[in-house]
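**Student:** Using the sequences and the hints, build the whole thing.
For the record, the sequence lines run as chains L and X.
In this text, residue positions in the first sequence follow numbering that gives the first Met the number 0: the first is 0, and each later residue adds one.
In this text, residue positions in the second sequence follow numbering that gives the first Met the number 0: the first is 0, and each later residue adds one.
What the hints contain is simulated information worked out from the structure, not anything from laboratory work.
Heads up, some of the hints might be wrong.
A pair holds if it fits inside one copy or across any two, identical chains being indistinguishable in the list.
Taking lysine to aspartate or glutamate and the EDC-like style, the derived pairs with C-alpha atoms no more than 20 Å apart in a straight line are [what the hints assert, rightly or not]:
| id | residue 1 | residue 2 |
| --- | --- | --- |
| 1 | K18 | E381 |
| 2 | K18 | E279 |
| 3 | K267 | D377 |
| 4 | K18 | D357 |
| 5 | K99 | D134 |
| 6 | K18 | E62 |
| 7 | K267 | E381 |
| 8 | K267 | E302 |
| 9 | K267 | E279 |
| 10 | K18 | E118 |
| 11 | K99 | D135 |
Take a look at the letters that make up each chain.
Number of protein chains: 2
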Amino acid sequence: MSVTSPRGFLAAGVSAGIKSSGARDVAVIVNAGVSAVAAAVFTSNRFAAAPVLWSRQVIADHEARAVVINSGGANACTGPGGFADTHQTAEHAAQLLQNKGHDWGAGEILVCSTGLIGERLPMQALLAGVGQAIDDLGAQGGATAAQAIMTTDSVAKETVIRADGFSVGGMAKGAGMLAPGLATMIVVLTTDAVVDAELANTTLRRATAHTFDRIDSDGCMSTNDTVVLMCSGESARRPDPIEFARAVHDACADLARQLIADAEGASKDICINVQHASTEEQAVDVARSVSRSNLLKCAIHGEDPNWGRVLSAIGVTTAAFNPGEVDVAMNGVWVCRNGAVGDSRDGVDMSDRVVTIDINLRAGEGAATVWTNDLTADYVHENSAYSS
Amino acid sequence: MSVTSPRGFLAAGVSAGIKSSGARDVAVIVNAGVSAVAAAVFTSNRFAAAPVLWSRQVIADHEARAVVINSGGANACTGPGGFADTHQTAEHAAQLLQNKGHDWGAGEILVCSTGLIGERLPMQALLAGVGQAIDDLGAQGGATAAQAIMTTDSVAKETVIRADGFSVGGMAKGAGMLAPGLATMIVVLTTDAVVDAELANTTLRRATAHTFDRIDSDGCMSTNDTVVLMCSGESARRPDPIEFARAVHDACADLARQLIADAEGASKDICINVQHASTEEQAVDVARSVSRSNLLKCAIHGEDPNWGRVLSAIGVTTAAFNPGEVDVAMNGVWVCRNGAVGDSRDGVDMSDRVVTIDINLRAGEGAATVWTNDLTADYVHENSAYSS
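**Tutor:** Spelled out as structure tokens, the structure:
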């Protein structure tokens, strides 16, 4: 149930003292298999962090042998010095792995960082932690690696999807600054399937577009988002592309749901289904606009089926619909019909953690689902004190 | 210091029992002057409320004689029945005003409503309130009218700008669901200047674009936003267009600042200045993106000069800039230089209510200022209980 579930992977997570709490903060995941195929997707934020700039170069040849991740600092907006720190981290890891008989260069080492923006990393502690993690690498190390990448997460997030003759493992972090393109997070996926670089790349992009890109906790896009897929080939099984895509999608969907369920301060998980949009893209636009309404998110926190706030959020989009023909259901009760008052809101039970909003635009056959969460005083408290 | 400060206007605000609190909830403002010239700007939300649909028709001929406003219910998303309610309100007011010797039809009566979306108005109480307000109309009635349009506002908002031989008065309501295009609000401006319809219209549009459109409390656009300007001509003074524009702009700017200062739950007013953007439009885009970052708004609530959250919000825009050349100051301290760590954040004093963020994009000569406020637990509490 981790990145070390598929054959060919080693991992470890250690405490290097970057986090003041003393919790684990450095993880290393190694692909020691017969294949080095890898793919990655990164944030589209233009202030991409140093490790994102580095890892984009590493993945350009569609191969990678290891991922080094630190929590406790994002190494974002740190200028050329911050980039040199990332480079040094990869060089250091490559040297130590060479000492253990792995003939890999720094150009095969992905680096990810997460934590506060705008501060340099404590390099001495980080490099010592990388050394310790490489010493501790093991085939059972996935769980400690998943712990080491946590920031404000309250639980570690792991998954494994077992398919016919191969498996996909994964871990994720991310609780705030969660928004599409991607959600603020770091995700490492591993598989022992035999796949070529093109299949790995297209499969990962399609899976993230339909999972991580469709969760939106607080509309804030990170500078550090990274999703990595490493393929060891150790199962000797070459799956059908559709079969492989399903396994990767399921792993991403499981991790995405775990991210939303642990969003900062959240007490409700909100599933926004848009049906009968003109196109899938317009369905996503409408769902995204609704997912970003602070007023709606507060209302749902108060278990108030305030569908007027759903309509006001739909009404700022350019999606095709007639305002007099839009229906909205909250937990199955169609409280808004034809853009006006529908069935009684008294029938809506919002006591469960999951709240479902169905929106029928009656404009075509496009559909999409976006997950978000409620806005709570706990979110405010957590994020007004985070960097202090 | 109100809508009745300029000559030619009468107003009143009464309690009709629409608000359960018993507070004033119906206002009527009448232009009894020699001119009926008027202009108005409305929400661009596609789920425009019934009174917006009605008032757009009224203003089409650039004349209006009265505005009837109720708080306690938005009459939005109420279907054809809701529109009939608005129509009936205008007809009723016109009939009562005719009884007092004013030969005006319903087509000269603007109607505004504010409050909960998706519920029909209590028409019997509303029409009785309109009758009482018309009976109470007076040249000192501006203050009670300003009270009658409040919803979650904690104070009434009024202004008067005295120019050479004429004046501009105004009142506004709005504390939540404040976002551009317009901010969730109702504003009535009055003037005794002699102006023609074209000047009234262009002046009002330009003034709102640079004031109300540049405040953003919570990113949520209302279904009911309306700004009305009525011109009585009673001063007999025909001002220079630039002089008139300055007075209307100043009245709008004063009311806009009052709205942000009273935003729901806010403890900080945040002024976001973007300088050296490629164009004014791009400056507004960048300022708007920053103003909508829940994470930044929480950080400022915690008096934390977290400039990384400013950059991450800038980084999702398409404005022209080089990420390695962006500078950010918080309350005058340039904590970010060249997209990286600048002067020490320890020097930033955030104890005052007003917090200023300066952003230098080094991409041209466009500039813009957007005002927002912090995100607080009080905002969450207020908006999770609003409709219950």
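**Student:** Against each hint, give a clear statement of whether it holds in the structure.
**Tutor:** Here's how the hints hold up against the structure:
1. K18 / E381: Answer is within: at 17 Å inside a copy they meet the 20 Å cutoff, but 35 Å across does not.
2. K18 / E279: Neither, since 42 Å and 42 Å both go past 20 Å.
3. K267 / D377: both (12 Å within a copy, 19 Å between copies)
4. K18 / D357: neither (42 Å within a copy, 31 Å between copies)
5. K99 / D134: For K99 and D134, only the intra-copy Cα distance (9 Å) is at most 20 Å; the inter-copy one is 93 Å.
6. K18 / E62: neither (31 Å within a copy, 66 Å between copies)
7. K267 / E381: both (17 Å within a copy, 18 Å between copies)
8. K267 / E302: So K267 and E302 pass the 20 Å test inside one copy only (9 Å; across, 28 Å).
9. K267 / E279: Neither way: K267 and E279 sit 26 Å apart in one copy and 40 Å across, limit 20 Å.
10. K18 / E118: Within one copy, since 13 Å is at most 20 Å while 51 Å is not.
11. K99 / D135: within (12 Å within a copy, 91 Å between copies)
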